[in-house]
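Visitor: Turn these sequences into a full structure, and let the hints steer you where they fit.
Residue numbers (the numbering used here): 598 to 891.
No lab work stands behind these hints, which were simulated from the structure alone.
Among these hints, one or two may not hold up.
Straight-line distance between alpha carbons at most 27 Å, and here's what the computed DSSO-like set of lysine-lysine pairs gives [as the list claims (entries may be wrong)]:
id : residue 1 : residue 2
1  : K869      : K829
2  : K796      : K707
3  : K834      : K796
4  : K695      : K752
5  : K796      : K695
6  : K752      : K822
7  : K822      : K834
8  : K834      : K869
Across the chosen pairs, the derived CB separations fall in these ranges [claimed, not checked]:
id : residue 1 : residue 2 : range
9  : F716      : L827      : 33 to 43 Å
10 : F818      : E882      : 55 to 65 Å
11 : I866      : K822      : 18 to 28 Å
12 : E675      : P734      : 46 to 56 Å
13 : D762      : S713      : 36 to 46 Å
14 : F674      : E882      : 38 to 48 Å
15 : K707      : S788      : 28 to 38 Å
16 : E878      : F716      : 43 to 53 Å
17 : G699      : T830      : 34 to 44 Å
18 : L838      : E882      : 10 to 20 Å
19 : F674      : P734      : 22 to 32 Å
20 : P734      : E679      : 42 to 52 Å
21 : P734      : M795      : 16 to 26 Å
22 : P631      : Q809      : 51 to 61 Å
Quick reminder that beta carbons are idealized off the backbone N, C-alpha and C, glycines included.
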Amino acid sequence: MKKRLLFVIMLIGLLVSGCTKIDEVTTMEETSSPMEVEFAQLRAQLESVQAELRASNERNDILNKVLDTIGLAAPDFEKYPELAILSNNPVFERIEFKGEGGTVSITDPKILSSVSYPFYIQEIAGLGSPPMGDVEPVELYLTTDQGSLKAQILKRDMMRFDEIDPYLYYLVDQRFYQLAKAFMNPPSYLSADQSTIMKMIDSGLLKSNQDQYTTGAERIFAMAKAFHNLDKTIIAKPVHLMTVDLSLTFFYYREEIQLNIYENQAQLIDGKNETWYELQEGDSEWMSRVLTAG
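Guide: Here it is in structure tokens:
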């Protein structure tokens with residue numbers, strides 16, 4: 598018991614002193630073999646933790662230097678406590694969009710889970726120099742398990758909180774803009790004569806089998822492109838159909854484009870237009886692999 602207490606005291610001393618001389622510490626001659634093993638294990642664990650801390654500190658130093666260089670900083674939740682409800686991976690209960698096309702409220706947990714922590718870094722714009730917008734003005738009401746907050750979507754990746762500070766512009770995850778693109782009216786500058794494949798490529802939300810949703814623009818683009826590139830032939834609607842292998846719904850400015858993939862056929866529905874295709878062997882499996890890749 599005394600021997601164990603002695604080594605516990607030695608270990609505490611090492612922790613307090615920063616453990617800079619761990620390798621120089623040797624066990625006493627009367628230490629039993631089990632104690633040596635235990636001490637060696639503790640020493641190895643401590644060295645591993647120290648290495649992780651050093652690596653983490655180095656990464657933080659590099660990040661801070663980069664942010665200082667380009668004039669950006671992380672959101673200041675202490676200075677702006679109203680933003681704290683969006684920190685630490687918030688759980689969204691409702692996302693509401695308001696624009697010229699009306700109001701859209703999203704409460705489906707599966708859709709809400711397609712967006713997560715919104716902030717990347719914060720950009721502070723000078724007076725009189727607001728960023729140029731590339732989308733129609735959209736008000737965004739975010740409700741989490743911690744409270745609600747009003748914001749404005751200014752660009753695909755930029756958001757502002759006028760009620761908190763109208764001169765702070767936050768670079769945010771584009772998935773919020775993607776949801777607005779899925780459910781709001783199209784902007785005035787967008788041509789109404791978009792082809793089906795272009796609407797699929799530019800959709801804001803993709804629903805797949807079993808009500809799985811993604812707002813990732815890269816994944817949506819990949820699925821639309823994969824179907825477009827298939828070696829397929831337009832055919833008449835089949836009389837007998839097999840079970841659907843893959844069902845996809847593309848959400849594009851309040852429109853829904855349905856793509857059903859069968860073993861050797863595909864059905865594409867865009868509004869009142871329905872087109873059937875004959876596919877090659879293995880095309881269904883290929884589309885499924887693209888959906889789950891990465």
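Visitor: It remains to establish, for every hint, whether it holds in the given structure.
Guide: Here is what the structure says about each hint:
no., hint, verdict
1, K869 / K829, "21 Å, holds"
2, K796 / K707, "23 Å, holds"
3, K834 / K796, "23 Å, holds"
4, K695 / K752, "15 Å, holds"
5, K796 / K695, "22 Å, holds"
6, K752 / K822, "25 Å, holds"
7, K822 / K834, "23 Å, holds"
8, K834 / K869, "15 Å, holds"
9, F716 / L827: 33 to 43 Å, "39 Å, holds"
10, F818 / E882: 55 to 65 Å, "20 Å, violated"
11, I866 / K822: 18 to 28 Å, "19 Å, holds"
12, E675 / P734: 46 to 56 Å, "30 Å, violated"
13, D762 / S713: 36 to 46 Å, "24 Å, violated"
14, F674 / E882: 38 to 48 Å, "47 Å, holds"
15, K707 / S788: 28 to 38 Å, "32 Å, holds"
16, E878 / F716: 43 to 53 Å, "46 Å, holds"
17, G699 / T830: 34 to 44 Å, "41 Å, holds"
18, L838 / E882: 10 to 20 Å, "18 Å, holds"
19, F674 / P734: 22 to 32 Å, "26 Å, holds"
20, P734 / E679: 42 to 52 Å, "21 Å, violated"
21, P734 / M795: 16 to 26 Å, "24 Å, holds"
22, P631 / Q809: 51 to 61 Å, "52 Å, holds"
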